[in-house]
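Undergrad: Sequence:
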Amino acid sequence: MSGRPLQKRIKYAALYFLVRSLLALASIFPRGIWIPFCGWLGGLAYFFEKKYKVKTIEHLTLVFGNEKSKNEILALSKQVYIMAGKNAGDVMRSLRVSSLSDLEKFLETTGFENYEVANAKGKGVIFLACHIGAFDLQVTYMALKGLNPHIIGTTLKDERLTEILFTYRNAFGAVAIERGKETFRLLKALKNGGSIAILIDQDTKVKSCFVDFFGIPASTPIGAAVLALKTRAAVVPSYVFLGEDGKQHMQLFPEIPLVDTGNEEQDIVTNTQNYTHFIEEKIRKHPEQWVWMHERWKTRPGEEIK
628 MSGRPLQKRI KYAALYFLVR SLLALASIFP RGIWIPFCGW LGGLAYFFEK
678 KYKVKTIEHL TLVFGNEKSK NEILALSKQV YIMAGKNAGD VMRSLRVSSL
728 SDLEKFLETT GFENYEVANA KGKGVIFLAC HIGAFDLQVT YMALKGLNPH
778 IIGTTLKDER LTEILFTYRN AFGAVAIERG KETFRLLKAL KNGGSIAILI
828 DQDTKVKSCF VDFFGIPAST PIGAAVLALK TRAAVVPSYV FLGEDGKQHM
878 QLFPEIPLVD TGNEEQDIVT NTQNYTHFIE EKIRKHPEQW VWMHERWKTR
928 PGEEIK
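Following this note's numbering, the numbering of the sequence shown begins with 628 at its first residue and continues without gaps.
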């Protein structure tokens, strides 16, 4: 941190102060005021921020350029920021919940029986999550249900913000683990019939393979496929989105069958592709709630970590 240029130190200090201030405000205002306010903040960020807004528009054009007009893509790009603000607002408010009933006042969950069916096999459960909507609410829900999930995530560029994130994810009994570390701990958790949550829809510096994502080769983390093949844990996909009714909706789906032909290298690619198909399908349903500002197609073939 101290070795960073002064401009970046000021930037992250301001961001940290903003996050801490918003967390404090989230506990004061009722949700009916807070969520629209956070959406307004998202729209404000869209107006003033340039770098990631440009990336958002570029990525939306890359994917939907043949389906949507330029004006439609611009309108969608603004909605991405507004919805990111609203969903972040609900994540911040979730810190004040003290019980599952508190959470369920604004989060409706369907398909939990899919987890129960998968868990009954006794091999552990891998929740396949993605960066749609207020995705961290899934961890809160799982923890409050007593599942004590291990949540695998990437650290942020500022250690103070990472501490806030991991403290949030550790609340209520979840266990936050930095991506790429403590593999033995994850294997042990699954072999003991536990659960982990993992996101694979970003281009990160971990072991990856290329699969099709919106018709474009994308470097994709292979962690979920590797863990499933090693432990035979069931992979249960889930995601959260903010509905038109103003509530958050979490859906859990039947496990994605594991492909195991004995060719480990190919099976990793095949299973990762199957998981990615699910994620793409859900993003297409809610394109305004995915993180289009992320450089999903940054890594080129041959540059991936193997």
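Check before you lean on any hint, since a few could be wrong.
Lysine to aspartate or glutamate pairs mimicking EDC-like chemistry, simulated, CA-CA at most 16 Å apart [said to hold, decoys possible]:
hint, residue 1, residue 2
1, 834, 931
2, 874, 731
3, 874, 786
4, 834, 891
5, 834, 786
6, 925, 685
7, 638, 676
8, 638, 786
9, 933, 872
10, 705, 676
11, 678, 839
12, 857, 887
13, 832, 735
14, 697, 685
15, 834, 694
16, 857, 907
17, 832, 872
18, 857, 805
19, 695, 685
20, 772, 805
21, 705, 685
22, 857, 894
23, 682, 891
24, 925, 805
25, 680, 699
26, 925, 839
27, 732, 872
28, 933, 871
29, 912, 743
30, 933, 887
31, 832, 931
Using C-beta positions, here's what the derived DEER-type ranges look like [stated by the list, open to error]:
hint, residue 1, residue 2, range
32, 843, 870, 23 to 33 Å
33, 632, 731, 26 to 36 Å
34, 667, 701, 26 to 36 Å
35, 750, 697, 46 to 56 Å
36, 928, 731, 42 to 52 Å
37, 812, 723, 22 to 32 Å
In case anyone wonders, no lab produced these hints; they're calculated from the structure.
These numbers come from a predicted model, not from an experiment.
Note that beta-carbon positions come from the ideal geometry of N, C-alpha and C, so glycine has one too.
Undergrad: Now tell me, hint by hint, if it's right for this structure.
TA: Results for each hint:
1. 834 - 931: OK: residue 834 and residue 931 at ~7 Å, within 16 Å.
2. 874 - 731: At roughly 10 Å apart (the allowed maximum being 16 Å), residue 731 and residue 874 satisfy the hint.
3. 874 - 786: Violated, because 32 Å separates the two Cα atoms, which is more than 16 Å.
4. 834 - 891: OK: residue 834 and residue 891 at ~14 Å, within 16 Å.
5. 834 - 786: violated, 23 Å
6. 925 - 685: holds, 12 Å
7. 638 - 676: holds, 13 Å
8. 638 - 786: This hinted pair holds, its Cα atoms lying about 13 Å apart.
9. 933 - 872: Between residue 933 and residue 872 the Cα gap is close to 44 Å, so the pair fails against 16 Å, i.e. violated.
10. 705 - 676: holds, 11 Å
11. 678 - 839: violated, 26 Å
12. 857 - 887: holds, 10 Å
13. 832 - 735: violated, 34 Å
14. 697 - 685: holds, 11 Å
15. 834 - 694: Not OK: residue 834 and residue 694 at ~33 Å, beyond 16 Å, violated.
16. 857 - 907: Given that 16 Å is the threshold and the Cα spacing comes to 25 Å, the pair is violated.
17. 832 - 872: The hint is violated at about 38 Å.
18. 857 - 805: violated, 20 Å
19. 695 - 685: Measuring from Cα to Cα gives roughly 13 Å; hence the hint holds.
20. 772 - 805: violated, 23 Å
21. 705 - 685: Holds, because 13 Å separates the two Cα atoms, which is no more than 16 Å.
22. 857 - 894: holds, 12 Å
23. 682 - 891: Violated, at roughly 35 Å.
24. 925 - 805: Since the Cα atoms of residue 925 and residue 805 sit roughly 21 Å apart, the hinted pair is violated (cutoff 16 Å).
25. 680 - 699: holds, 15 Å
26. 925 - 839: At roughly 14 Å apart (the allowed maximum being 16 Å), residue 839 and residue 925 satisfy the hint.
27. 732 - 872: holds, 13 Å
28. 933 - 871: Given pair residue 933, residue 871 is violated - Cα atoms ~42 Å apart, limit 16 Å.
29. 912 - 743: Measuring from Cα to Cα gives roughly 26 Å; hence the hint is violated.
30. 933 - 887: Violated, at roughly 20 Å.
31. 832 - 931: holds, 8 Å
32. 843 - 870: 23 to 33 Å: holds, 29 Å
33. 632 - 731: 26 to 36 Å: violated, 46 Å
34. 667 - 701: 26 to 36 Å: Roughly 19 Å apart at Cβ, these two residues miss the hinted range, so it is violated.
35. 750 - 697: 46 to 56 Å: For residue 750 and residue 697 the Cβ distance comes to about 49 Å; the hint holds.
36. 928 - 731: 42 to 52 Å: holds, 45 Å
37. 812 - 723: 22 to 32 Å: Holds, since residue 812 and residue 723 (Cβ atoms, about 30 Å apart) stay within the stated range.
In terms of the numbered hints stated before, the structure departs from hints 3, 5, 9, 11, 13, 15, 16, 17, 18, 20, 23, 24, 28, 29, 30, 33, 34, listed from lowest to highest.
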